[in-house]
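There are 2 protein chains.
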Amino acid sequence: MNIVKKLIHFDKGLLLESGSKLDSFDLMVETYGELNEDKSNAILVCHAFSGNHHAAGLDPETNQVGWWDQIIGPKKAIDTEKYFVVCSNNLGGCSGSSGPTSVNPDTGKVYGKDFPAISVMDWVNAQKLLSDFLQIKKWHLVTGGSLGGMQALQWAISFPDNLLKCGVFAAAAKSSTQNIAMNEVSRESIRKDVNFFDGNYIEHNTKPKNGLKAARMLGHITYLSEKHMDVKFGRKFQNTDSKVSGNVDYEVENYLQYKGEKFSDSFDANSYILMTKAMDSYDASADTNGNLEKAMSVIKCRLLIIGFDSDWLYPPQRGKDIQLAGMKANVSCTYVILPGEQGHDSFLFSADKYDVIINTFIESQ
Amino acid sequence: MNIVKKLIHFDKGLLLESGSKLDSFDLMVETYGELNEDKSNAILVCHAFSGNHHAAGLDPETNQVGWWDQIIGPKKAIDTEKYFVVCSNNLGGCSGSSGPTSVNPDTGKVYGKDFPAISVMDWVNAQKLLSDFLQIKKWHLVTGGSLGGMQALQWAISFPDNLLKCGVFAAAAKSSTQNIAMNEVSRESIRKDVNFFDGNYIEHNTKPKNGLKAARMLGHITYLSEKHMDVKFGRKFQNTDSKVSGNVDYEVENYLQYKGEKFSDSFDANSYILMTKAMDSYDASADTNGNLEKAMSVIKCRLLIIGFDSDWLYPPQRGKDIQLAGMKANVSCTYVILPGEQGHDSFLFSADKYDVIINTFIESQ
Numbered sequence: 001m002n003i004v005k006k007l008i009h010f011d012k013g014l015l016l017e018s019g020s021k022l023d024s025f026d027l028m029v030e031t032y033g034e035l036n037e038d039k040s041n042a043i044l045v046c047h048a049f050s051g052n053h054h055a056a057g058l059d060p061e062t063n064q065v066g067w068w069d070q071i072i073g074p075k076k077a078i079d080t081e082k083y084f085v086v087c088s089n090n091l092g093g094c095s096g097s098s099g100p101t102s103v104n105p106d107t108g109k110v111y112g113k114d115f116p117a118i119s120v121m122d123w124v125n126a127q128k129l130l131s132d133f134l135q136i137k138k139w140h141l142v143t144g145g146s147l148g149g150m151q152a153l154q155w156a157i158s159f160p161d162n163l164l165k166c167g168v169f170a171a172a173a174k175s176s177t178q179n180i181a182m183n184e185v186s187r188e189s190i191r192k193d194v195n196f197f198d199g200n201y202i203e204h205n206t207k208p209k210n211g212l213k214a215a216r217m218l219g220h221i222t223y224l225s226e227k228h229m230d231v232k233f234g235r236k237f238q239n240t241d242s243k244v245s246g247n248v249d250y251e252v253e254n255y256l257q258y259k260g261e262k263f264s265d266s267f268d269a270n271s272y273i274l275m276t277k278a279m280d281s282y283d284a285s286a287d288t289n290g291n292l293e294k295a296m297s298v299i300k301c302r303l304l305i306i307g308f309d310s311d312w313l314y315p316p317q318r319g320k321d322i323q324l325a326g327m328k329a330n331v332s333c334t335y336v337i338l339p340g341e342q343g344h345d346s347f348l349f350s351a352d353k354y355d356v357i358i359n360t361f362i363e364s365q
Numbered sequence: 001m002n003i004v005k006k007l008i009h010f011d012k013g014l015l016l017e018s019g020s021k022l023d024s025f026d027l028m029v030e031t032y033g034e035l036n037e038d039k040s041n042a043i044l045v046c047h048a049f050s051g052n053h054h055a056a057g058l059d060p061e062t063n064q065v066g067w068w069d070q071i072i073g074p075k076k077a078i079d080t081e082k083y084f085v086v087c088s089n090n091l092g093g094c095s096g097s098s099g100p101t102s103v104n105p106d107t108g109k110v111y112g113k114d115f116p117a118i119s120v121m122d123w124v125n126a127q128k129l130l131s132d133f134l135q136i137k138k139w140h141l142v143t144g145g146s147l148g149g150m151q152a153l154q155w156a157i158s159f160p161d162n163l164l165k166c167g168v169f170a171a172a173a174k175s176s177t178q179n180i181a182m183n184e185v186s187r188e189s190i191r192k193d194v195n196f197f198d199g200n201y202i203e204h205n206t207k208p209k210n211g212l213k214a215a216r217m218l219g220h221i222t223y224l225s226e227k228h229m230d231v232k233f234g235r236k237f238q239n240t241d242s243k244v245s246g247n248v249d250y251e252v253e254n255y256l257q258y259k260g261e262k263f264s265d266s267f268d269a270n271s272y273i274l275m276t277k278a279m280d281s282y283d284a285s286a287d288t289n290g291n292l293e294k295a296m297s298v299i300k301c302r303l304l305i306i307g308f309d310s311d312w313l314y315p316p317q318r319g320k321d322i323q324l325a326g327m328k329a330n331v332s333c334t335y336v337i338l339p340g341e342q343g344h345d346s347f348l349f350s351a352d353k354y355d356v357i358i359n360t361f362i363e364s365q
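Note that the protein sequences, when read in sequence, are chains L and X. Per this note's numbering, the first sequence starts with residue 1, numbered consecutively. Per this note's numbering, the second sequence starts with residue 1, numbered consecutively.
Next comes chain L alone, as it looks inside the complex (with noise of 0.2 Å):
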C-alpha cells in the first residue's frame, strides 16, 4: 500500500464558525492507495475526537498501526488498490495540523489555550479546501465513526455537490446532554491539574498529565460497553506483580490507570479541550431551528448509517433519528444496527457483516 504523510500549508484564510479566522494553516494528510484519472475514487476519511491522519498501515516513525487499519487497506473493506484514501488531522489537534501546540504565526508564540474554537463546520471548511488543493471536485465517499461520523454527516449537508455518497458510524446528529456532561467532567480534571496553568503549561515548561489521564479513564469507559468491560475483566483482582499503582485493586483499575497514563503522555490538553467542545456544539440542526429534517434536505449524496447495539456514548437510537429525518427528507439512507461487542469502539473493528456493508456501499452504483 502506497503511504504518503505530508504537511500542507493553506494561504487561503479560515473564516471560522466563532467569527475568528486563521490567516493560514497547516493540515497535516496521509493519503492511502493512487488517484485515479478522473479523480473519482477518492474516499475521505474523518477521524474521532482524539484520533488523527494516521489512518492505515505502519507510521514508521512512531511504529503505530493507523486506527482504522482494520478497515482501510488492500482488499480490506475500504479497499486501498481500487481507492485513493485521504485522512486529515483535523485543525485544533495535536498532531501536525494547525493547533494549540502550533506556532502563531502572527506572535511567533506558540498558540496554547488562544488557538481559536473550533466547531466540526469549520473542520468540514478546511478539508473543502484540502479537496480543491487535491483537485478532488466530488468524493466517491465521506466517511469516518463518532465525531468523525459527524463530521461526514456535515460534509453532505454543507457540500452536497461534493460527494457521491456518505457513511456515518457510531455517531449522532448532536451530542446528548449526557455527552456533554461527560465531556465537562474530562476538562473540569484537566482545568483543575495543578500543571494546567490556566492553559499556558507549555510556558511553564509542565503538562497537566494527572487530568489528562483521568479525563481519559472516564472517556474509556464511555467507549466500552459495559458487557464488554464485565466479559474482559469482571470482578477480577490485578495480579499484585503487574500492578501500576499501589492503589490498584482490580483488573479494571489497572486497565484504566495505564491507558490513561499513556494517553497523557501524548496528547495535548487545550486540544482536549477544544476538541471536546467541538463535540459538545455540534448540532446538524443548528442552523435550520432544530430541524434535522430540514437540514437534511439539501443532500444529494446516499448515506449509510451504521449503529452498534452495546454502544451507550452514541446509541444506536441516535442513528436511527438520522435515518428517520433523512427519509422525511427525501435522502436514499441505509441504516443498520450492528451487534458490536465493543461498544462505542465497535466502529473501529472489523467484523464480517460491517465490512460487508461497508464494501457493498462503496461498490454500489
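These are calculated hints, taken from the structure and not from any lab test.
Once the Cα atoms are required to be at most 27 Å apart in a straight line, the calculated DSSO-like pairs of lysine-lysine come out as:
| id | chain 1 | residue 1 | chain 2 | residue 2 |
| --- | --- | --- | --- | --- |
| 1 | L | K113 | X | K243 |
| 2 | L | K294 | X | K232 |
| 3 | L | K227 | X | K294 |
| 4 | X | K277 | L | K236 |
| 5 | X | K294 | L | K232 |
| 6 | X | K232 | L | K174 |
| 7 | L | K259 | X | K174 |
| 8 | L | K174 | X | K227 |
| 9 | L | K174 | X | K236 |
| 10 | X | K113 | L | K236 |
| 11 | L | K138 | L | K5 |
| 12 | L | K227 | X | K174 |
| 13 | X | K259 | L | K277 |
| 14 | L | K207 | X | K209 |
| 15 | X | K209 | L | K262 |
| 16 | X | K277 | L | K232 |
| 17 | X | K259 | L | K209 |
Part of the chain X face toward chain L, derived, beta carbon under 7 Å:
| id | residue |
| --- | --- |
| 18 | K192 |
| 19 | M229 |
| 20 | D230 |
Idealized CB from N, CA, C, for every residue including glycine.
Chain X: place on chain L using the hints.
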C-alpha cells in the same frame, strides 16, 4: 415527629472483614417515632454512599431535610406514627460516626488515610451491635437504596433471625465492572489533587476540593438518567449572569459545577475513597464462590426488591438477578420495576406506586 439524634459509643471492639480491629467506635444515630413496648415496630434504614444518619425531618443545626424525608414521616410510606425508624451514619463516613476525620484513640491524632478499610459486612456488624444496644432483637424491616440496599441485603444474609422483612431498592448483589471503573476515575481525581497529600491533607491544613468536585460531578451523571438530563437541561445554554465559571457554556455544565462545588465543601476525601472501595468490593456471593443462590439460602425474612427502569448505575437487571437467586433459594421475594424519572436517584423520591408498594410490604402480615 419525634426526632432524636445521638452519638453512641461502643466499647466492644469490632473485628473488621479486612482483619483489622477497631477497639472502640462511635455511631451517629438518628431515630424517628417511638419504639413500642415489645420492641417489634423498629425499622432500620441504611443510607447510600454519600448519605448519613439524617434520613428524615429537618435538622435544626444544618437546616437540612433528611435524605429520605419523602418516604419517612407521619403517614408517609414508612410511617413514623406507627414505626420507630433508626438510621446510623456508616463507619468510615464523615458525619459523626468513626471515620477518617475522627481522632484515633490510640494516637490522639486524626485517623485520616489510616482509618482501616471498611466493608458492607462491617457496617452490618456494627449495626448489629447498635441493635443490641437498642435492645431490638428483630427489626420489622431493614431497608435502603443503592449502597444502602446492598447493606439491607447483607443484613438478611448475615443475621437471618434478626429481621422480619428486607427492602432492597435500586441496588445490586455486587458492583459491576463499570461501577468499579467509574469509582476508580473518581478516586483518581481525588488522589491526584495537589492538596490530597497522599491522604494527609488534614495535617497540611488543606482539602482536595478540586478532586472531590470532579468526582462528584461524575457521580451525578451516573445518578441521573440520560433522558432526565435531556428533559431537564437539554442543550440549553447557561444564562451569562448565573454562570458559576467562565468555562461553562451549557446549563448541564453549570449544574454539575454547582453540585460538585457544594459537595466538595462538605464531604471528606478519605471517606469518599473508603466508601467507594466498600461499594466496589461488595459481593453478596463472595463467601459462596460466586453462588448467590447459596448465599441467599440462609435468608428467612421476606424480601422486597425494587428497580427503576431509568437507573443505569444499578439497572433493573441487577434486581432481577437477586430475585432469581432468591426464588431458587426458596426466599419469599417480590420484585418490581418502577418507572422512575430520576434514574438511579429515583429511589429517593416519593411516587404513588413506590409509596404504596413500600407501605403494603411493611403492613403485610
